[in-house]
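Model the full assembly from the supplied sequences, consistent with the hints where possible.
Now for the letters of each chain:
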Amino acid sequence: MANQGLSYEGCNFLRQRLVLSTLSGKRVRIKNIRSKEDDPGLRDFEASFIRLLDKVTNGSRIEINQTGTVLSYQPGLLYGGSIEHDCNPQRSIGYYLEALLMLAPFMKMALKATLRGVTNDPNDPTIDLLKTTAVPLMKRFGIDGEGFDLRVVKRGMAPGGGGEVVLSCPIRRTLKPVQLTEQAKIKRIRGVAYSVRVSPQMANRIVESTRAVLNQFIPDIYIYTDHMKGANSGKSPGFGLTLVAETQNGCFLGAEMSSTPQGQGDPILPEDLGRNCAKLLLEEIYRGGCVDSSNQSLALLLMTLGQQDVSKVLLGPLSAYTIEFLRHVRDFFQVMFKIEVQKPLEDERKSGDKVLMTCVGVGYSNINKTIK
Amino acid sequence: MEEKVQKQRKHQQKHSGPKAQKKKLRKQAGAADGDERKRNPKAFAVQSAVRMAKTFHRAQDIKAKKHHIPVVDRTPLEPPPVVIVVMGPPKVGKSTLIRCLIKNFTRQKLGDICGPVTIVSGKKRRLTFMECNNDINTMIDLAKVADLVLMLIDASFGFEMETFEFLNICQVHGFPRIMGVLTHLDSFKNNKTLRKTKKNLKHRFWTEVYQGAKLFYLSGMVYGEYQTQEVKNLGRFISVMKFRPLVWQTSHPYVLVDRMEDLTDPEKIRTEPKCDRTVSLYGYLRGTHLKNKGQVHVPGVGDFEVSDVDFLPDPCPLPDAQKKRALNEKERLLYAPMAGVGGVVYDKDAVYIDLPASHVHQQQEEMRPTTELVQSLIDTHATLDAKMAASKVSLFSGSGTMGPEGAGEQSGGQDGLQEESVWDSNTNRQRRRVLFPGDEDDGSASSSEDEEEEEEEESDHDEESGKDLSAFLKEARGQSEKTTAGGAPLRKRQRLEETAATAEVPAFADSEDELEVSEEEEDEGQGAGDSGNCSEEDEETEDDDSEEEDAAEDEGKRAKEKEMNEEEEEGVLRWKDGLQQKAAEAFLRHQEAAPNLRKLVYGAVLEADNSEEDEEELGGLFRVSRPQKSRRVQANAVDCSRFHPDTTHDWDLEEMLDTIRDCFVTGKWDDGQDAATLLKQDEELYGDFEDLETGEVHKSQSGQEDVAENTDSDEDGEEEVKVEEEVVQRNKRLEKKRRLKERFDAEYDDGDATYFDDLKEEMQKQAELNRAEFEDVDDETRVQYEGFRPGMYVRVEISSVPCEFVTNFDPHYPIILGGLVSSEGNIGYLQMRLKKHRWYDRILKTRDPLILSLGWRRFQTIPLYHIEDHNGRHRLLKYTPLHMHCGASIWGPITPQGTGFLALQSVAGVKANFRIAATGVVLDLDKSVTIVKKLKLIGYPYKIFKNTSFVKGMFNTVLEVAKFEGASVRTVSGVRGQIKKALSTPPGAFRATFEDRLLMSDIVFLRSWYPVSVPQLYNPITSLLLPVGQKDGWSGMRTLGQLKLDLGIHNKPNQDSLYKPVVRAPRHFNPLHIPKELQKALPFKSKPKQQQAKGKTPRDLQRPKVIREPHERKVAALLHALRTVHNHKRKKAHSVQHARHKEFLQQKEKDEEAKMKRQKEARKRLYRVMGQTEQKKQRSSLKGEQKDS
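Chains as they are written, first to last, in the numbering used here: chain A, 229 to 600; chain B, -8 to 1180.
Simulated from the structure, these hints should not be mistaken for laboratory data.
Treat the numbers as computed from the prediction; the structure is a model and nothing was measured.
Be aware that a few hints might be false.
[Stated by the list, open to error] Pairs of lysine-lysine residues, derived as DSSO-like cross-links and limited to a Cα-Cα distance of at most 27 Å, are as follows:
id, chain 1, residue 1, chain 2, residue 2
1, A, K404, B, K94
2, B, K284, B, K94
3, A, K571, B, K659
4, A, K600, B, K836
5, B, K100, B, K115
6, B, K14, B, K29
7, B, K115, B, K94
8, B, K671, A, K415
9, B, K284, A, K540
10, A, K283, B, K918
11, B, K925, A, K600
12, B, K836, B, K902
13, B, K826, A, K600
14, B, K918, A, K600
15, B, K659, A, K540
16, B, K284, A, K404
17, A, K540, B, K671
18, B, K751, A, K367
[Claimed, not checked] Estimated spans, in silico, between C-beta atoms of each pair:
id, chain 1, residue 1, chain 2, residue 2, range
19, B, K732, A, T409, 25 to 35 Å
20, A, Q490, B, H861, 18 to 28 Å
21, A, M337, B, R730, 50 to 60 Å
22, A, I599, B, V1054, 24 to 34 Å
23, B, T639, A, I599, 43 to 53 Å
24, A, A275, B, G1020, 51 to 61 Å
25, B, S791, A, A275, 57 to 67 Å
26, A, D500, B, K732, 51 to 61 Å
27, A, A275, B, K902, 27 to 37 Å
28, B, R49, A, M337, 46 to 56 Å
29, A, D500, B, D748, 54 to 64 Å
30, B, S791, A, I599, 52 to 62 Å
31, B, E646, A, M337, 52 to 62 Å
The beta-carbon is built from N, C-alpha and C at its ideal position, and this holds for glycine as well.
Structure, rendered in structure tokens:
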């Protein structure tokens, strides 16, 4: 078969490449992974991610050379079922989960994944954020129903980890096209302030300072405090905040902040954290769009994989990650997005430039799902 | 006869009187059907609630059954020609029919029907005819692309196997419209047999297709053609026919190729005739959008990566929309390049003119709209060596080129040295990209990015080249016009090589790309006046990947951001000056930004890959080593989706907070949604109300005012104002009414709309959106976003095609480019449901190679048949069941579930019987299989304790036993047990416990399941690569049976399985032994008799034999003779006696009979007399009594 596959360099965007390769069935070869560095090759967390990918697929062929600088991946079929995976604590579960969410609706059997490791760290989107923004976003594409759930069983902060997350996702044969072109107004702000292995008062202090910032805009703010104790509190102390602004048409913009991991950098005061996180949310609102910045690529992927209909999504400015994702989507699915910049009118006080992304789906249908 | 025909006189109807009255009444009552119910309500009352519920359910069921799941209507505005496959056994009249139809539609005659023939049949419809020959490969391929099948049937012969095979193929691959056409009807002499045959054929056809399927009759031939009127009727049927969307066809792009060109370098072919070829294939794109660089499958050849796709001007366009009924002669186009018709054919970089001598004038006429273009091309007749000479090698991109001197005749038109070099590098790089001037620009732009040296110079350069281009274009066109005026000689099939200059015809110029150029100029000029994205882009080009610069970059950005903000503030101040101008500006900026951001994301769209490739090519000589520039992000940076913005806003500032104030519900709303306005509107609507309790009437504010105003105006007597007020009032009332009605509708109609209606509406909306989204985008850009849309005439370039495809090309066989969607190019295990066709006369054996037609593909593979047990286990079957579905697992191409397939055992030649062996559907795809077969392991007990036995012979090592510990075993006699533990000696022996004591003669067995692997054979059928004339002779892997037959190997049967005469040893029974005691006790009757068997008579008791003397012998002989004579006499006498006696008996019987008869007569007479007397007596007695009384 004349399937040459694609070739890339460098370890960046590894998840995108492998996920798109799995969905499109194209082989991918990644060269020069940290080849110029003192510690060449794949890191542990990447290896862990590849192992996770191996668990959810059947028949994938993964070859890594001796030094780990070259990875070639021939995708198999997505199998799903119930899996358990111990994620490497170098990256939080969000790192793994972002990719897994992209794959989950296209499995042979409904996925029930139990992931263990770091649930919250400052680098990756935390579980709370994914739960409050990515999950409703996916529901927009017709991935809903009984079993769609993302649950934090145990909370584990970086660097120790010890958290546990359960993702269950139903499977879909096709996705619906979406038209999210209107940015409606924000009607409420919700959030979770969590703390583990520190004083439960921390969470309250966070809430206090956050409200001080956000109350200037809207009174409908509720921030839950979540203090986990004992076995459910993981191995390291820490606290953090996730904020989500819900618009009138059911779009969610999220922002979050976690305390610096124990033993790394300067500790942060909960009041500062709350304030800064609130500002991050304002920044996110300033960027605007119907999808927040960390879920842009997920939304674009689901648009690409839709039926052969026009989907439109209004986004804030594209992040570098998204831009690279767009290029990858073109490589793997030959889909180009029509990108239109929408500028706010001068008299409006409605934040910055928006980007309207339009594409025609590839007509993807879940080839893994069995028919009886 | 005449009398019968004569009408009976009608009964005179009454027009008056009570009867007529009654009738009239009844008629009036009958008109309203409901009256019946009114008049007799009891008859229509509910008798049984259950039954009523049932009828209601049934009615609803029937209603619901009619619904189909609504799908989005994705048919393009200008659909591709309808593919009409004309199918039938040989000598049935296929070519004649096509010829007649073509003549009917276009008034042209076509000789040999080679390949697809496209014609314009009406204002909105084009047709592509394709003849299907008798090869089953062709039938399969064409069934997959057909929209309509004309199935020709020789009525004088009846149905042939091909017809049924084709119908079955169609059924499997989605059922296109099928129309039967009966031919050879003139061979029937007898009208009655004709009618009968028609009816029989029609009914058989209906059972195959559907009840009432159209069957067309072509009654006879006139001068070798079908009757004009009948052909016309058939044509009408075809041109109004509607087609159903088929699942496979609507989800895959495909092209029925109507032209093929070999693009391989002739020199390469000369040196290496067997080299892989590069070909370009042309045809209308059908099905769905085709993406560039996708994968295609060419049935009969194999899978290929598309190296390039372009769309060409439609060679057979629909007429321009005009209000008239029929087509005029010029619009009746015919396009069949394979059959040698079609006149001028365009390629990306060349024009082919095919001019049959007689058609010269006509063709010119037909191609009027495009002749301008053609003529502009004609002046450049470059021969091959000129072309070779013109192509130059540039060692470094951007530098001068090396090439034979004086070759640049075309570029001679340009004077400046600079232009030339630009020019040459362009031609050098992309000679094939001709119709896309914009992309050329893009290319140069991208290269300029690549160079990343002095941007200003580069852009100047671009500008100049752009100007020069346009100038040159004008010049070139002027020249061409002159030359054509001079009269360029037209040559038959002449390849006109275009120079890049003529290629830059602005007819297809990309407006957006022009914009890009202009915007680049603007970049130079304005700098800061651009959007953030633009500035980012600029920096990007300057960016050097070094991280130190990032900080500086950020600063720069911040500065620009500030500038932008300032500008915006100014904008706020100047806001009211010129709204229109503002809007125009905003629009312009918007326009600029769009391609800019696109460029940022996707680079210069098409050219990026090519330029890279070219560099690679040069790299063969010199490898240019330069750091990776224009990489936005470090290749080895941290993989994180977080958006860390370059510029962070200071959210402590009040102005900053103000910028997002309106994003919240607490902010200001749009006029349309503002709560205040909405409230006001509501006020207007519901303002007036009357308090029922108090009887107070509340009037809405505005009304009161109006009243007040009215009174005022009355008082003042200003009539005009009053009139105006009236109008306003009326409008207001109308508006109010409308809103109320809307509300009412929304409330009441919504309840009526079902889920189905909603769904349909949703689909409708989506379809409209799909249509509208890219409607006003030009095709160049549009194909990048949504791919090439169906209906376009595309040119698909494919490299590395086997040379046999070109050398053995036969236009009678269809070439189909079937697009593959994601991951259909991969191979894996397929699990399918399969059923042997009931007309196929043998069952299929597991592991016998089978040819499948699945998706676009035809391939040979080795299936394993299996059946699912009740516990979900897939048990291997040796053969397919006779009349049942079974599972089949194959190693083959990944194809979506639900796709149908059909199986054949061979595609070679024509066999008498039905060839389709099985049909089925794909159920599941996987990378592993779970088929098992039963395995019985046998062991023998060698030591038996009570219920425990030691068993040996089942396993060979302790390890094996360990694996089966706890497994249940059984003996032949049915005693169940369990494996307990392995024994050290002998190896493989184990201890097992049973529910009963075993015997040494028992056999212990363990039932287990052994996984079977599917053989990985995937052998695509390469029938198109076979030599011309042998294309139907493809044979692949042979089955075991065929191999044995061919090699003359006979199966050595197992000796034990042979039938032998049954030899039974005579059974020997021992004598019954009765104990003495028992004997004594027995009664005499039952006592064994102590009789000795009779022995031989002793010799002394035997009597001696008598030996006669000669005399005595004579006497005896005489006596014997006498006795014989006597006997004979006696016998004779006896027989005579017997005969006489018989006669006597007969006589006697006769006499007896006569006597009996006589007696019977007498008795009868007697009885009659007796009866009469009796009667008399009775009568007389009665009379006597009467008399007496």
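Checked hints:
Taking the CA atoms of K404 (chain A) and K94 (chain B), the gap is about 47 Å. The hint is violated against a cut of 27 Å. Only pairs whose Cα atoms come within 27 Å are accepted, and K284 (chain B) paired with K94 (chain B) is rejected, the gap being roughly 39 Å. Distance restraint check for K571 (chain A) and K659 (chain B): the Cα-Cα separation of roughly 18 Å lies within the 27 Å cut-off, and the hinted pair is therefore satisfied. Pair hint K600 (chain A) plus K836 (chain B) holds up; C-alpha atoms about 24 Å apart against a cutoff of 27 Å.
Of the pairs offered as hints, the one joining K100 (chain B) and K115 (chain B) holds, with about 23 Å between alpha carbons and a cut-off of 27 Å not exceeded. For a cut-off of 27 Å, the pair hint linking K14 (chain B) to K29 (chain B) stands: about 19 Å separates their Cα positions. Restraint check for K115 (chain B) and K94 (chain B): the C-alpha separation of about 19 Å stays at or below 27 Å, so the hint holds. For the proposed pair K671 (chain B) and K415 (chain A), the alpha carbon gap of about 23 Å is at most 27 Å, so the pair holds.
A distance of roughly 24 Å separates the Cα atoms of K284 (chain B) and K540 (chain A); the hinted pair therefore holds under the 27 Å criterion. Taking the CA atoms of K283 (chain A) and K918 (chain B), the gap is near 14 Å; set against the 27 Å cutoff, the hint holds. With a C-alpha separation of about 25 Å, the suggested pairing of K925 (chain B) with K600 (chain A) holds against the 27 Å cut-off. A C-alpha spacing of about 20 Å is found between K836 (chain B) and K902 (chain B), which places the hinted pair at or below 27 Å, so the restraint holds.
With a C-alpha separation of about 16 Å, the suggested pair K826 (chain B) and K600 (chain A) falls inside the 27 Å cut-off, and the hint holds. For the given pair, K918 (chain B) sits about 18 Å from K600 (chain A) by alpha-carbon distance, which is consistent with the 27 Å threshold. At roughly 26 Å between alpha-carbon atoms, K659 (chain B) and K540 (chain A) fall within 27 Å of each other, so this suggested pair holds. For the proposed pair K284 (chain B) and K404 (chain A), the alpha carbon gap of about 26 Å is at most 27 Å, so the pair holds.
Between K540 (chain A) and K671 (chain B) the alpha-carbon distance is near 34 Å, which puts this suggested pair outside the 27 Å criterion. Note on K751 (chain B) and K367 (chain A): the hinted pairing holds, with a Cα-Cα distance of about 21 Å set against a maximum of 27 Å. For the pair K732 (chain B) and T409 (chain A), the beta carbons lie near 29 Å from each other, so the given range of 25 to 35 Å is met. For the hinted restraint 18 to 28 Å between Q490 (chain A) and H861 (chain B), the CB-CB distance of approximately 57 Å leaves it violated.
Distance hint check: the CB atoms of M337 (chain A) and R730 (chain B) are about 52 Å apart, consistent with the given range 50 to 60 Å. At about 58 Å, the beta-carbon gap between I599 (chain A) and V1054 (chain B) misses the expected band of 24 to 34 Å. The supplied range of 43 to 53 Å is met by T639 (chain B) and I599 (chain A), whose beta-carbon atoms lie about 51 Å from each other. For the pair A275 (chain A) and G1020 (chain B), the supplied restraint of 51 to 61 Å holds, since their beta-carbon distance comes to about 59 Å.
A hinted range of 57 to 67 Å for the beta carbons of S791 (chain B) and A275 (chain A) is inconsistent with their spacing of about 37 Å. A beta carbon spacing of about 58 Å between D500 (chain A) and K732 (chain B) agrees with the range 51 to 61 Å that was offered as a hint. For the pair A275 (chain A) and K902 (chain B), the supplied restraint of 27 to 37 Å is violated, since their beta-carbon distance comes to about 58 Å. In this structure the supplied range 46 to 56 Å is violated for R49 (chain B) paired with M337 (chain A), their Cβ-Cβ distance being about 38 Å.
A beta carbon spacing of about 56 Å between D500 (chain A) and D748 (chain B) agrees with the range 54 to 64 Å that was offered as a hint. The hinted range of 52 to 62 Å is not satisfied by S791 (chain B) and I599 (chain A), whose Cβ atoms lie roughly 36 Å apart. Remark: the range hint 52 to 62 Å for E646 (chain B) to M337 (chain A) is upheld by a beta-carbon distance near 54 Å.
The earlier numbered hints that this structure contradicts are 1, 2, 17, 20, 22, 25, 27, 28, 30.
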